[in-house]
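Required output: the full structure, derived from the provided sequences and hints.
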Amino acid sequence: MLSSSEIPIGPSHPDRRGPHGNSHDSNEVEPADGASRIRRFFNKDALSAIPIILIAASMLYVTTTYRLASVMTPVVEAALWGALGVSVLAAALLANRRLRPWTGLLVIAAFSAAAGMNAYLLLTPRKPGAPTALESRWSQRRRDNSLITLLDQGNNFSRVTYGAHLAIREWIEGKRIVSYDERALTRRYLESVCFVKDYVIESYPHTLNERAYEKLIDTPHRQFRFNHRKRQDVLIVVPEWSRKAKILYLLSFPERHTHVLVPGNRIAEMTE
Amino acid sequence: MIVQWLFQGALQLVGIVFAVQLGGRGVDRTTQMLVAYPLGLLAWVIASLMVLLSPLPFTGEITIAVMMGLTIVALICIVARKDDLPAFSGRTLLVGVVVFNLVSFLIHQVNLTTVSNDSFYILIFAHEIGHFGQFTELTGQQLAGWGAFAPISQVASEFMNEGYLFGTSPLLGAITLALLFHWTMRGLKVLQGVRLIAVTIAVLSVTLVASTPAFQRHMTYIHTNLGAAAYLLIYVGAAWMRFSTGDRGWLAIAVAGLIGFSLHRVEAPLVAAIFLAPIAESNEIRPREKLTATLLIAVFLTAWFAVVAQLIGDHESTISRANIPIMLIPAWALVAVATASFVRRFRFLLPWTTVIMTWALLLIVVAFFVIKPQHMEKSFDNLTWNLTWKGAWHATFITLFVLLLWTPFLRRIPGEPLFRAAIPAFFLLVIALGALRRPYRLDFFDSGNRMALHILPALVFYLAIKYGNQLRANPPSIADAKERTV
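Just so you know, the sequences run in chain order A and B. Residue numbering for the first sequence follows the numbering used here, starting at 1 and increasing by one per position. Residue numbering for the second sequence follows the numbering used here, starting at 1001 and increasing by one per position.
In case anyone wonders, no lab produced these hints; they're calculated from the structure. Just so it is clear, CB atoms sit at the ideal spot from N, CA and C, and this is done for glycine as well. Be a bit skeptical, because a hint or two may be false.
Stated by the list, open to error - Below, in silico cross-link-like pairs of lysine-lysine (DSBU-like), each with a Cα-Cα straight-line distance of 35 angstroms or less: (1) Lys1372/B x Lys127/A; (2) Lys1390/B x Lys1372/B; (3) Lys1378/B x Lys1390/B; (4) Lys1390/B x Lys127/A.
Said to hold, decoys possible - Have a look at the derived ranges for each label pair, beta carbon to beta carbon: (5) Met1050/B x Pro131/A: 45 to 51 angstroms; (6) Arg126/A x Ser1054/B: 33 to 39 angstroms; (7) Arg1438/B x Trp81/A: 48 to 54 angstroms.
Following this line, the structure appears as structure tokens:
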């Protein structure tokens, strides 16, 4: 594809600099020393072009051969046809010396098409009646920037762990921890991650056993919050994230006094 | 909200001093205003690290005092070199400050933040440091897996008694887009001078990046990747301007950008070496300049990772005490390359640096495919599939790969190795890193998928100026290009 006149010359040797002190505008013939012989034999720019072609081509190959059959949607199909069109056009333009400068238009065409497709996907709901990606994101705006509010957006584990972390740091020293889980993991988390030395772990109150929580699942949490007010100012530890832990969280978190700690696998990772 | 808004505004003011000091007369005023906030944020992080590593108590007041001390030193340097003062009018300053603060105000009004587990770890890390005033056992260990930039910049929220800084990512994202627009325009002006084409391509470049869902998510996401992308663009754009205009001030901005990038992630020294190699090998940059740039980066990385080695102890994650020296070897190898450029006999070998680097990485990737075929196949397959469909990039990377495929056949631009060597080397490094961990998974939150963001703005910038440059039949000489930039 490259004609000999099109193969760019490598970065300049000071001896080869042109009138402006740079190799870019230099067409001088190289001196016939050992260095130039090596350079002629292995063309540096040709060698440096191979990896870029290999990577771009292999990624496009993998995309088109391995996966596409299962997810062929109109958008994917359009993207592929667009990519093929750009490739064919590029080849045609590059093959003709006169037309070669017009390859510059490819970037305008390709960027326009890609940006248009991105915008289409952003503004089109995936299901009829569902919010678009843009609407979903816009609806996540908040009025304040407290961590408590941020926690509402995080996934379950993070929400609980970070809430617990803050709770521990603020007032856990010498406090009582009501624990559903008395495994060593809880103690390890408290001591090595949260640096809490003085605490008491009690077993979880029987009145809030697993069976009771099963009953709470479908009940609006607001009315049950009242029942938990007496349990403010404690840290509740449950063995793993579950629906009942979620209810516990919902019941307790609005008061911002009771926190739920779930020492799951990720905490184990942190402490190991 | 007001406190955070004022804090971000103050960082921009501090950054303006550093931008003027580093850029001097050669760097245009718009660029200096645009890089001001990232440089101010970097100054905050470096001041925080200086206080944390000194016997001084780590409080907000002392950190601000240290940052102001650094700023005053920069101001004295500016005043000392009267002959190289930029033509910086009061109007430019006013417009830059007002526009930045207006955008910042809007961002703070919208108040949108995306979080994941990683975000909470970063925030836990930040609040631990701020609360205890030192690197604790936990935070020291976290350094083995995280870069320092994101958590240290978030420490400010602890000092302000706020939950977290929510303006940092959107501001860095907005500046990335603005820089991409400005540098694409400027780059095409340097190369061909057709304004309409330059404006069209610059607008489309920004639209492409801004319409990419992954970029949008990262703009509100508390993580390391958008910051890494912003600072890498500052490095790549400024280094390319150094090649195309020949002004030394650009290289100083580029080095500052690379230092900011290096603090973002633990594997950053390897990526930094990849992008620094074209500078070290170039015969178009004076040997002393190259040596200064490479030495600064190598010494900074060595000093920082010596601290990291002390803090992480025997803890092992992405990095450990054992592999820190290995990560620093490439940076020092580039110092050797820059030093070799003083010796006339070795100069013919220098342009091979990036070729050797890229092919060495290619061979490493091939070796990994031979040693761990299933692991690598899965990793590469998932990475590719993330970039082309699953990873919230929509049509962006498919388009970029197609355009990338044809770049070797197009007319050369100044500073070509900065892209032609570094872009494939970056992707090869990401693929190679997949061999040293669990295979990349199909998910937006996958590490390989997120790392792709680092190169996105720089890649779009390259393709914009590379293809845009083809529209002129006879490219200008470098001398013409330099004249246009004055």
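Verification of the hints:
For the suggested pair Lys1372/B and Lys127/A, the alpha carbons sit about 41 angstroms apart, so the restraint of at most 35 angstroms is broken. Distance restraint check for Lys1390/B and Lys1372/B: the Cα-Cα separation of roughly 24 angstroms lies within the 35 angstroms cut-off, and the hinted pair is therefore satisfied. Taking the CA atoms of Lys1378/B and Lys1390/B, the gap is about 15 angstroms. The hint holds against a cut of 35 angstroms. Between the alpha carbons of Lys1390/B and Lys127/A the distance comes to roughly 18 angstroms, so the proposed pair stays at or under 35 angstroms and holds.
About 47 angstroms separates the C-beta atoms of Met1050/B and Pro131/A, a value consistent with the hinted range of 45 to 51 angstroms. Checked against the hint of 33 to 39 angstroms, the pair Arg126/A and Ser1054/B fails, with Cβ atoms roughly 53 angstroms apart. For the hinted restraint 48 to 54 angstroms between Arg1438/B and Trp81/A, the CB-CB distance of approximately 35 angstroms leaves it violated.
In summary, the structure is inconsistent with hints 1, 6 and 7 from the numbered list given earlier, while agreeing with the others.
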